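Novice: Chain by chain, the residues:
Protein chains: 2
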Amino acid sequence: MNILVLGGDGFIGSHVVDQLVSMGHEITVFDRFPYRTSRNLEHHRGGIRFISGEFQNRNDLVKALSEKDIVYHFVSATSPAESWNDPLIEVEESIRSSIMFFELAVRQGVKKIVFPSSGGTVYGPQNLPVDENTLPRPLSPYGIAKLTTEHFLNYFRVHYGIASDIYRIGNPYGSRQPVMRPQGVIAVWMHEILNGSEIQIYGDNTTLRDYIYIKDVAYLMSHSLINLMSSDVYNLGSGVGTSIMQLLNIFQQVVDIPFQYRIHEKRPSDNSSIVLDSLKLMKLFPGFRCQKLEERIEETWTYFKTTFHKT
Amino acid sequence: MNILVLGGDGFIGSHVVDQLVSMGHEITVFDRFPYRTSRNLEHHRGGIRFISGEFQNRNDLVKALSEKDIVYHFVSATSPAESWNDPLIEVEESIRSSIMFFELAVRQGVKKIVFPSSGGTVYGPQNLPVDENTLPRPLSPYGIAKLTTEHFLNYFRVHYGIASDIYRIGNPYGSRQPVMRPQGVIAVWMHEILNGSEIQIYGDNTTLRDYIYIKDVAYLMSHSLINLMSSDVYNLGSGVGTSIMQLLNIFQQVVDIPFQYRIHEKRPSDNSSIVLDSLKLMKLFPGFRCQKLEERIEETWTYFKTTFHKT
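Same order as they appear, the protein sequences are chains A and B. Counting the first sequence from 1 gives a position; my numbering is that position plus 4. Counting the second sequence from 1 gives a position; my numbering is that position plus 4.
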């Protein structure tokens, strides 16, 4: 199958590339590659095709979309904290640019789009866990834009017949997670510890997150390859709620460097508690079990220690 | 109370103005008034304040918003048919311009925004009737934009404390409904009959609409004045499903001019069947009953016959 991974050099994108390559598929990665290198995909050099371009540039995109069966869309220019005070950023950089991409994908004959939505922000405050039939009540511009983009995918499916799978992902963690963005507390804490900084903890035991190992995310998203004509929405989380204090406990067991921390109140832009009922997707992978948080945090810590001098 | 009605010269807006004036409130109307006259509000000249301006012009809006407690937002530049093939119209003219208005309303100290959403397009295909807890599945860019704007109102409420009531209105009909827009089949048919044209019928008995008399809509939307601090979402329909053939039967009984009709297949951009369970709102008006479709269609026909030479 001829697969395009937009933003394939990023955190989730590069792990999906690893997964799909391991399954024998033809992969093209489209990303900005600011220094004409792709550190996260170095190990695939020669094995996959790279196209460097801007997501907002129509000509760059048209070239990348040519003759692709399915496109994984991991381009993301926003975060919940960044747009909390500026919702028009989401309208421009998330909703508008995704619609322009969907229009081009239809014109280029793409059969299916795979879209990573946000389990942590689409639902808003709810009784937990939430499943795909829960009425979404997003609060942040980021979550609103993700849900709106989901709806537009549905419109393009009905109007033009292009299929789409939507994965509402929990809190992914693991190697290659950016440490300088305000998303991904596990990577951010590890980076602070390696820098000798005090780690900053926002919230308390009442705030739950649904951490899921990035390789589990990538594996489960390969489901979209099975049927290029089907469309659906899936929660993609571990189903386990972990509080920030439980996470701190795991860090205290795993991290072999002493570190300080400071506890702050929850910030207004912080997402609500989230635990995702992901049974709809899990049932499609009989026997699959999500990897254990404690073990994979240890592996992630080893990764960040090893790569720290390069970051 | 100091009330601003944006788009107060239009179909729904002008009936809401009638209602609020009859309740003794101070009304300011903001509209484009292209010929420096307001036909729909002529009877209020001297009694209410008019501000002429463009919704997309910040300076015009700031002036209108000054010292207002509550704003009814009836400005609408799009329709389901118009944006069916051009979703970016909705992003620009509906989502983006509403967010810019909400930001100004917050800055000007407005306490509450009243927003007419679309019962006919927000839900998409569903088992009927739908209530406010039904999971929305909008198909059209128009319906997606209405739902997205609802979510952004929620964001502005949480972030800045500005209250908002959202009314998901069914298919309103009655005097002053525009006859040249592709929304409002009752007005469009009456205009075609008065023009001596054949009326064009799309769909069949399987497509249901929830017609509600415009004066009922205006009366029920006055609920928002009771509590300027409360926020909620309400369906606003009659709760009765009427097929296009039932509507034709009523026309055949009421209309005292012979007319021809032609039946076509449903168009792709036509909304799904809709019947709104509006009990949540109706319960707030004990003893209230929606007016009868047959009787109010007769009254509407008399209105269009009387005003036809002016249109």
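Treat the hints with caution; some may be incorrect.
One copy or any two copies: either way a pair holds, since identical chains are not told apart in the list.
Stated by the list, open to error - Within a straight-line C-alpha distance of at most 25 Å, the following computed SDA-like cross-link-like pairs (lysine to any residue) qualify:
hint, residue 1, residue 2
1, Lys284, Arg141
2, Lys115, Thr311
3, Lys287, Leu139
4, Lys287, Glu302
5, Lys296, Met249
6, Lys287, Glu46
7, Lys284, Ile93
8, Lys284, Asn131
9, Lys309, Asp90
10, Lys270, Val110
11, Lys284, Leu139
12, Lys115, Glu269
13, Lys219, Asn89
14, Lys284, Pro129
15, Lys270, Gly165
16, Lys67, Phe37
17, Lys270, Asn158
Read the hints as simulated data drawn from the structure, not as lab findings. None of the values given here were measured: they were computed from a predicted structure.
Novice: State for each hint whether it applies.
Specialist: Comparing the hints with the structure gives:
1. Lys284 to Arg141: Classified as both; 21 Å inside a copy, 19 Å across copies.
2. Lys115 to Thr311: Neither: 38 Å inside a chain and 52 Å across chains, both beyond 25 Å.
3. Lys287 to Leu139: Both, since 22 Å and 23 Å are each at most 25 Å.
4. Lys287 to Glu302: For lysine 287 and glutamate 302, neither the intra-copy (28 Å) nor the inter-copy (57 Å) Cα distance is at most 25 Å.
5. Lys296 to Met249: Result: close within a single copy only, 17 Å intra versus 60 Å inter.
6. Lys287 to Glu46: Result: close neither inside a copy nor across copies, 34 Å intra and 64 Å inter.
7. Lys284 to Ile93: Result: close neither inside a copy nor across copies, 33 Å intra and 35 Å inter.
8. Lys284 to Asn131: both (18 Å within a copy, 22 Å between copies)
9. Lys309 to Asp90: neither (35 Å within a copy, 50 Å between copies)
10. Lys270 to Val110: between (42 Å within a copy, 24 Å between copies)
11. Lys284 to Leu139: Classified as both; 16 Å inside a copy, 17 Å across copies.
12. Lys115 to Glu269: neither (46 Å within a copy, 28 Å between copies)
13. Lys219 to Asn89: This pair counts as neither: shortest intra-copy Cα distance 33 Å, inter-copy 39 Å.
14. Lys284 to Pro129: Intra 21 Å, inter 22 Å, cutoff 25 Å: intra and inter.
15. Lys270 to Gly165: between (43 Å within a copy, 18 Å between copies)
16. Lys67 to Phe37: within (16 Å within a copy, 47 Å between copies)
17. Lys270 to Asn158: between (34 Å within a copy, 20 Å between copies)
Checked against the numbered hints listed earlier, the structure breaks hints 2, 4, 6, 7, 9, 12, 13; every other hint is satisfied.
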